[in-house]
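Could you build all of it, start to finish, from the sequences and the hints given here?
Read top to bottom, the protein sequences are chains S and G.
For the first sequence, my numbering assigns the number -5 to the initial residue and increments by one for each residue that follows.
For the second sequence, my numbering assigns the number 666 to the initial residue and increments by one for each residue that follows.
It is worth saying that the hints were derived from the structure and are not from the lab.
Take these hints with a grain of salt, some might be off.
Here are some chain S residues pointing at chain G (derived, C-beta under 10 angstroms) [stated by the list, open to error]:
id, residue
1, Val161
2, His166
3, Val173
4, Lys261
5, Thr350
6, Glu354
7, Phe432
8, Glu433
9, Gln434
10, Arg442
11, Arg446
12, Ala571
Cβ atoms here follow ideal geometry from the backbone N, Cα and C, with glycine treated the same way.
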Amino acid sequence: MTPAGADAGVDGGPSLTPPPSTGAEQPAAYEVLGLKEAEYLLIVEKLGREPNGVELAMFSLLWSEHCAYKHSRKLLRRLPTEGERVVMGPGENAGAVDVGGGHAVAFKVESHNHPSAVEPFEGAATGVGGILRDVFALGARPIAILDSLRFGELDSLRSRHLLDGAVRGIGHYGNSIGVPNVGGEIYFEAPYEHNCLVNAMCVGLAKRDEMVRAAAAGVGNAIVLMGASTGRDGIGGASVLASAELGEGDAAKRPTVQIGDPFEESKVLECCLELLGKGLLVSLQDLGAAGLTSSASEMASAGGVGIEIDVARVPLREADMEPFEIMVSESQERMLAVVEPDRVGEVIAVCEKWQTGAAEIGKVTDDGLVRVLRGAEVVGEMPVEALVDGCPLYDLEPAAPEEWIYGNRVTLGADVSAAETLLALLAAPSIASKRWAFEQYDSIVGSRTARRPESADAAVLAIPEADSAIAIAIDGNGRRVACDPYAGTVEAVLECAQNLACAGAEPLGLTNCLNFGNPEKPTPAWQLDRSVQGLADTCEALGVPVVGGNVSLYNEGPEGPIYPTPVVGMVGELPDAGGAAPSAFAAEGDAIALVGPFEPTLEGSELAKQRGELGPGLPQPDVAAVAAACAAVRDAVRGGALASAHDVSDGGLACALAECAIGSGLGCRVDLQHLRERGCTPEEALFGEGTGGFVVSGERERLEALAGDGVAVLYLGRVGGNTIEIAAGDRSLSLPLADAETAWGSSLGERLEASA
Amino acid sequence: MRWGIVQFPGSCDERDALRACGLAGGEARLIWHEEGELGDVDAVVVPGGFSYGDYLRAGAIARFSPAMEAVAEFAAAGGPVLGICNGFQVLCEAGLLPGALLVNEGMRFVCRQVDLLVDGPNSHDMGGKSAHRRLSIPAKHGEGRYWAPAEMLDALEANGQVAFRYAPGQNPNGSAREIAGVRNEAGNVLGLMPHPEHAVDELSGSTDGLRVFESVAGALA
Chain S
-5 MTPAGADAGV DGGPSLTPPP STGAEQPAAY EVLGLKEAEY LLIVEKLGRE PNGVELAMFS
55 LLWSEHCAYK HSRKLLRRLP TEGERVVMGP GENAGAVDVG GGHAVAFKVE SHNHPSAVEP
115 FEGAATGVGG ILRDVFALGA RPIAILDSLR FGELDSLRSR HLLDGAVRGI GHYGNSIGVP
175 NVGGEIYFEA PYEHNCLVNA MCVGLAKRDE MVRAAAAGVG NAIVLMGAST GRDGIGGASV
235 LASAELGEGD AAKRPTVQIG DPFEESKVLE CCLELLGKGL LVSLQDLGAA GLTSSASEMA
295 SAGGVGIEID VARVPLREAD MEPFEIMVSE SQERMLAVVE PDRVGEVIAV CEKWQTGAAE
355 IGKVTDDGLV RVLRGAEVVG EMPVEALVDG CPLYDLEPAA PEEWIYGNRV TLGADVSAAE
415 TLLALLAAPS IASKRWAFEQ YDSIVGSRTA RRPESADAAV LAIPEADSAI AIAIDGNGRR
475 VACDPYAGTV EAVLECAQNL ACAGAEPLGL TNCLNFGNPE KPTPAWQLDR SVQGLADTCE
535 ALGVPVVGGN VSLYNEGPEG PIYPTPVVGM VGELPDAGGA APSAFAAEGD AIALVGPFEP
595 TLEGSELAKQ RGELGPGLPQ PDVAAVAAAC AAVRDAVRGG ALASAHDVSD GGLACALAEC
655 AIGSGLGCRV DLQHLRERGC TPEEALFGEG TGGFVVSGER ERLEALAGDG VAVLYLGRVG
715 GNTIEIAAGD RSLSLPLADA ETAWGSSLGE RLEASA
Chain G
666 MRWGIVQFPG SCDERDALRA CGLAGGEARL IWHEEGELGD VDAVVVPGGF SYGDYLRAGA
726 IARFSPAMEA VAEFAAAGGP VLGICNGFQV LCEAGLLPGA LLVNEGMRFV CRQVDLLVDG
786 PNSHDMGGKS AHRRLSIPAK HGEGRYWAPA EMLDALEANG QVAFRYAPGQ NPNGSAREIA
846 GVRNEAGNVL GLMPHPEHAV DELSGSTDGL RVFESVAGAL A
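And the structure:
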């Protein structure tokens, strides 16, 4: 996994300015900066002396959880990272897979959770800015953004404030820079009340021969800093603070949140792509968490060289910045490039054309040191190896909790009729239409978007350069992962695969963002351990390589950890963007069938949540059977055999059917008797959740032809009419389509606008 | 037909406009904002985006660019100019089109497919030439609420300068009198908030946007 990132966090107190004197005994400087005593002693040992202030600041950032992955790196070694189509894997700014025609698709998902919890607009905006830079640092033009958001329940004023700000921020940055936001997901659960999650994924397209790596190379080559000038914003924000829990006094941490400028990024983006197109850069890296410190050190480490940086040559916003401030500033919209000395003039000319900054601030050396100069004065000198790889890696001490730790809240009685239950589920903010959010995003700029949000299970983008198309899905239901971290994570990967199958796409690669609580505590450690194992096993079984990702730990509030939330982003290819099946029914009279090994239960379901019946445990998914169903659906979509395809997810089969009906304006009449023969109760058949189910429609013979090779197909009924009629024994229901549409379509917007 | 598409720092939809012009017939090239000469072009498109970040006010800085000075001369000489979204805002700021575009009534950015009604009795004018009287085209903007004083709106309507209106119930931004696009008095400068360049092939869900480009091309005939 690449440690470069933009996740910043807040709280925990660490600050690079000493706390005001209280007369009491002061903590040591390294403690204030978040280092343990043993870690500090190790630094002294590696340097052979005490570090000075600049060095200590730099070590404290690179040895933070955020940069060093000290609690997760050992676990991440379990993930499969290789595959025939992998062009770049973990360790680069983003992963990339080959899509033919001399092109590659680069992608990565990253968190910006803690900044968004403190200042949602700027936190989310700079989260988008950071992930865009990761992708164009490879030489890929960003062609899509997706986002995965988690907030507390909508009846909380704080959650509405965070949601509103985050959506505005994501829209502000993405819209302004001209990259379409093509999909995503939003869940509302009480455990995210204090610590919301803002994960953003970017997908880019690159010519393979114009891609660059982040490794510095060529002793004597120049280091050029491009983009915005360097200020005091975000100092100490990212790394140290992303590595602590949220708590009291977060508001006072607002100055540590970075401020984004999408116009600057737009210029830097175009400038970098032009420079790479002209072959003027040896390597390129974005400045994310820990700013120049991490970018320079990681470039040097990857290239096995040293780097010398003169802070006196860094363009500043404020004249009196200290060397350590310049080295750790997290000012946004900056890139670091290695350039051959005789090409520096050409590089600066292109930067001038784009009206963006450029300064030669140092050079590549052969001594394996990161040397920080202020003019002629050496103000810091450390071995690259000690900075980047010297941090001790910790083993977790996982222990499963003895009981359900997240609580329960009853919002729906068990005596409610089946029709009213369906309405309550459709109106649940996590299930209801996200139109209120995605209409605030430009989803079409770039002329690639073949399926807009909520029109298909996956986003579909045309890639005419490679005479191809890609589909993208992002999923991760934290509630189910909380119930069973292993099975819940398996389900998240399978849901992505199912979403791609509905578009007719075959997975090429996967990225992930692991959002968990404090890994130094046994329960989050256990959740993380089991979840990574589920991710590894499923990727291995599906043959999908993990090409990059991000880890965000310490997501806790005073009430405890968030739901463990592995967010999985998957990219697949399909031959023809126009061939992706819509989610919604297509024509009156079409047959409806359920495909796949769907065995619903109420465990971990939205209904169990509303009834206050959540607890530990989920059925273990049959990955091979789901993979077989995915292949059957994918082939059928590609062959034009299906008029629609939609996976069964939150709210169960009844919600999936209702979504297909609402999207088309066509009702349906189905009987779940065949499903009940798998041993489910009427209620489980209607509202139970589980992996592996697809609702498909089309000609009955063509649907039934999907059966075979371990793939089950159950005929359910027909499309038509203006009601949703579902026969399920004593829980049969008939619901006017208009009522379902109102519940699903307007719940989110109404609740937010009413409170605005 | 040679199209020139002005590109500012912060433009977003210039490559989409380039593609659309090609699909509508003809050659298209980008004109960098620092170019004071448009060169050999038959029509100009001022595309969508956030020119110069739109930080002061949408379009307020772009109007001062050398390329826009050249566009003003081109328009004064009767050359056809199409402004889309940010381009419409720039043309209003430059005084080439009447009225102004304010922050959406809902105070939020809106991206949504809308139906436009082609307005105006003057079928020889740009935008009015189409046989398709109702166009399905996406709108996406945060500052698209068309505004002008009541007497100016009356005059625009009387002169046939209203080019497009949002279909009933589909006004996404609170524009005065449902106005989505206007033309200048001479009829050679047209601006609209929705994006015809994003409705030019079946994959994007509609090809109605081609009609707008074709009508601009047709204005030359």
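Taking the hints in turn, this is what the structure says about them:
Among the interface hints, the one on S/Val161 holds; its C-beta lies about 9 angstroms from the nearest C-beta in chain G, closer than the 10 angstroms criterion. Interface restraint check for S/His166: the shortest CB-CB distance to chain G comes to about 8 angstroms, inside 10 angstroms, so the restraint holds. Residue-level restraint check for S/Val173 holds (minimum Cβ-Cβ distance to chain G is 9 angstroms; threshold 10 angstroms). For S/Lys261, the shortest C-beta to C-beta distance to chain G is roughly 5 angstroms, which falls under 10 angstroms, so the interface hint holds.
Taking 10 angstroms as the C-beta contact cut-off toward chain G, the hint placing S/Thr350 at the interface holds, the least distance being around 9 angstroms. Against a cut-off of 10 angstroms between C-beta atoms, the interface hint on S/Glu354 is violated, since the closest Cβ of chain G lies about 23 angstroms away. The interface hint given for S/Phe432 holds, since its Cβ lies 8 angstroms from the closest Cβ of chain G, which is under the 10 angstroms cut-off. Hint status for S/Glu433 relative to chain G: holds, with the closest Cβ pair at about 6 angstroms, below 10 angstroms.
Taking 10 angstroms as the C-beta contact cut-off toward chain G, the hint placing S/Gln434 at the interface holds, the least distance being around 5 angstroms. Here the hint on S/Arg442 is kept, as its CB sits about 9 angstroms from the closest CB of chain G, short of 10 angstroms. Because the closest C-beta pair between S/Arg446 and chain G is about 8 angstroms apart, less than 10 angstroms, the hint holds. For S/Ala571, the interface hint holds, since its Cβ comes within 10 angstroms of a Cβ in chain G; the closest pair sits about 6 angstroms apart.
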